[in-house]
Amino acid sequence: MGTTVALMGDTTTTSDDEASSGATAASTARAPFAPWDRRDLPGMFSVAETARRVGNYKWTEMKLFEALGGWIATVPELDIKMRLGAHCYHHAWHADLWNQRLPELREMKPERLTVPANDAIVRFIAAMTEPEAPELTIEKLVGVYRVLIPRFISAYTYHRNNTSEITDAPTIRSINFILQDEFDDWRDGEMMLQSLITTPEDVQRAASHQAKLETIMVEAGGITGPGSIGGSSSDGS
Amino acid sequence: MRQFFPVEDLARDERFVQTNMAERLADTRNPMEPTSKRKSAKSRSAGNRLTPDRPDASDRARGLMHGIMVGEIQALEGAGRTAHDFEAGDGSGDTIPFELKLDMARQAWDEARHVEISAKLGDWMGTELGEFQENTVLFEAACSNDPVLRLAGVNRALEGLAIDVFTQMKEFGDLAGDPYLEFCEDWMLADEVTHVKMGSDWLRKVTEKDPDRRTKALEFQQVVDKLFSFGGARGDHEESSFKLARRFRELAGFTGDENDAINKLGVDAFNERSQALKQAQDAASAFADA
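Protein chains in written order, with the working numbering: chain H, 1 to 237; chain P, 1 to 290.
Hints in this document: simulated from the structure, not taken from any laboratory.
Just so it is clear, the structure is predicted and the values come from calculations on it, not from any experiment.
Careful, some of the hints might be misleading.
[Claimed, not checked] When the alpha-carbon atoms are kept at most 35 Å apart in a straight line, the in silico DSBU-like pairs for lysine-lysine are as follows:
hint, chain 1, residue 1, chain 2, residue 2
1, H, Lys109, P, Lys205
2, P, Lys226, P, Lys170
3, P, Lys197, H, Lys109
[To be verified] If you anchor each label on the Cβ, the simulated ranges turn out as follows:
hint, chain 1, residue 1, chain 2, residue 2, range
4, H, Arg39, P, Leu175, 53 to 63 Å
5, H, Glu190, P, Asp53, 45 to 55 Å
6, H, Asp79, P, Arg2, 23 to 33 Å
7, H, Ala133, P, Thr19, 22 to 32 Å
8, H, Thr199, P, Arg2, 24 to 34 Å
9, H, Glu190, P, Phe183, 29 to 39 Å
10, H, Arg123, P, Arg247, 47 to 57 Å
Idealized CB from N, CA, C, for every residue including glycine.
Hey, can you work out the whole structure from these sequences and the hints?
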């Protein structure tokens, strides 16, 4: 087995190594990483960069749960009204997870980093929350479930796949819980939208509103700004 | 989206008919029959309390369940609005603590489940959505621009009322041999105790250094409590439709004195209503004699 692992380029201690270091068959001395544990130490983000991203996540999750909460009274469709109540809490819980993570990233005043990534994100939230009239349920849902939540899924996935699996394990754990909610909520939202979009005019409304919001989001570069999913920031590419 | 949302703009589909308190009390499907007209003082149905042996038990239970459902819709909307309407801050002015916003979001989810539960229970009892009118007074109480008044009016006064109502409905389910109803009410009751406790805890914290604000909030709570005593229909006295669920209220942060005060409000309101009824009867007799 030790030979096989060596051929695969593994640098962890193997059972052969243990034997040569004096461990006997009855010894409980084991390598610090089990053969199936392939986690890597290096990660793409420093503590400060992680805190910055987490602050952006918290700010945007807050804006999302506030919007969902506020819209409940404005939506006449009873099933959607109730789903918004459940989803409102999901995003509040995400904001809470990030609020708890910030002091662990050396930010003792979490509100200092609870900020939008840039001005375009602020404009995005303003445009997303603009629809209020009861006949605008499609626009409300499009903004959340076809633009913002897909952006959350991509930013969180990028973060999870690029941060250190060992030093930043708490962030990964939170992201995994959060991503489960995001996928479930996205599916709920998409199904609500499909049930509301029943005419070519509805399709046009949804597409037009999505394009308007997506344009602002592209300008923002995503939830944490340029580099939200890598590629164009100095630290994340 | 506006910061504050007026009650008249609450979004509903075409099945719902909204009304106010005065119109609701005039709804003949919710009769408040004088005790003297009932056949036996020993019967469980001798008082105004909802019991399965009342001839009108089915309609009253259906009406009450529908009232609970629309109340839960408004509670959902109110909690969502409180999560939305106020910025996170230190609790002064128009701000509320971040953790209070989180609690309101949690309450929104709880209330959404309560709408689901009561809609299913209503269906189970044979009621159609919109069959009874919707009284929007609960959301009006939730609409205050002062978050502390919302805590007092909604979380303590109205959610406190929900503790009393759910305790009674749970008892009704037990007496009627309906474990489905009893089971659901027990779960909703657990959530309501949590919501009232949230209100009690946050009211104390947010007004810790502002006794005037706390006094004003507690006065507002009394106003809402009196409004929702339904002319004395709630309290420990025999004539009350809803008994105070003192044990659960204490779990939720009400003191014995506060419960006594709510009971007294009910007794006073009942006496006022009895006096008004007597005056009306006297006037009618005088008119007939003339």
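Here is how each hint holds up against the structure:
The straight-line distance between the Cα atoms of H:Lys109 and P:Lys205 is roughly 20 Å, inside the 35 Å bound, and the hint therefore holds. For the hint pairing P:Lys226 with P:Lys170, the CA-to-CA distance comes to about 24 Å; that is within 35 Å, so the pair holds. For a cut-off of 35 Å, the pair hint linking P:Lys197 to H:Lys109 stands: about 28 Å separates their Cα positions. Separated by about 59 Å at the C-beta atoms, H:Arg39 and P:Leu175 satisfy the suggested range of 53 to 63 Å.
Against the hinted window of 45 to 55 Å, the Cβ-Cβ separation of H:Glu190 and P:Asp53 comes to about 50 Å, which satisfies the hint. For the pair H:Asp79 and P:Arg2, the beta carbons lie near 24 Å from each other, so the given range of 23 to 33 Å is met. A C-beta distance of roughly 23 Å is found between H:Ala133 and P:Thr19, which places it inside the suggested range of 22 to 32 Å. Checked against the given bound of 24 to 34 Å, the beta carbons of H:Thr199 and P:Arg2, roughly 29 Å apart, stay inside it.
Against the hinted window of 29 to 39 Å, the Cβ-Cβ separation of H:Glu190 and P:Phe183 comes to about 33 Å, which satisfies the hint. Taking the beta carbon of each, H:Arg123 and P:Arg247 are about 52 Å apart, inside 47 to 57 Å as hinted.
This entry satisfies every hint, going by the numbered hints stated previously.
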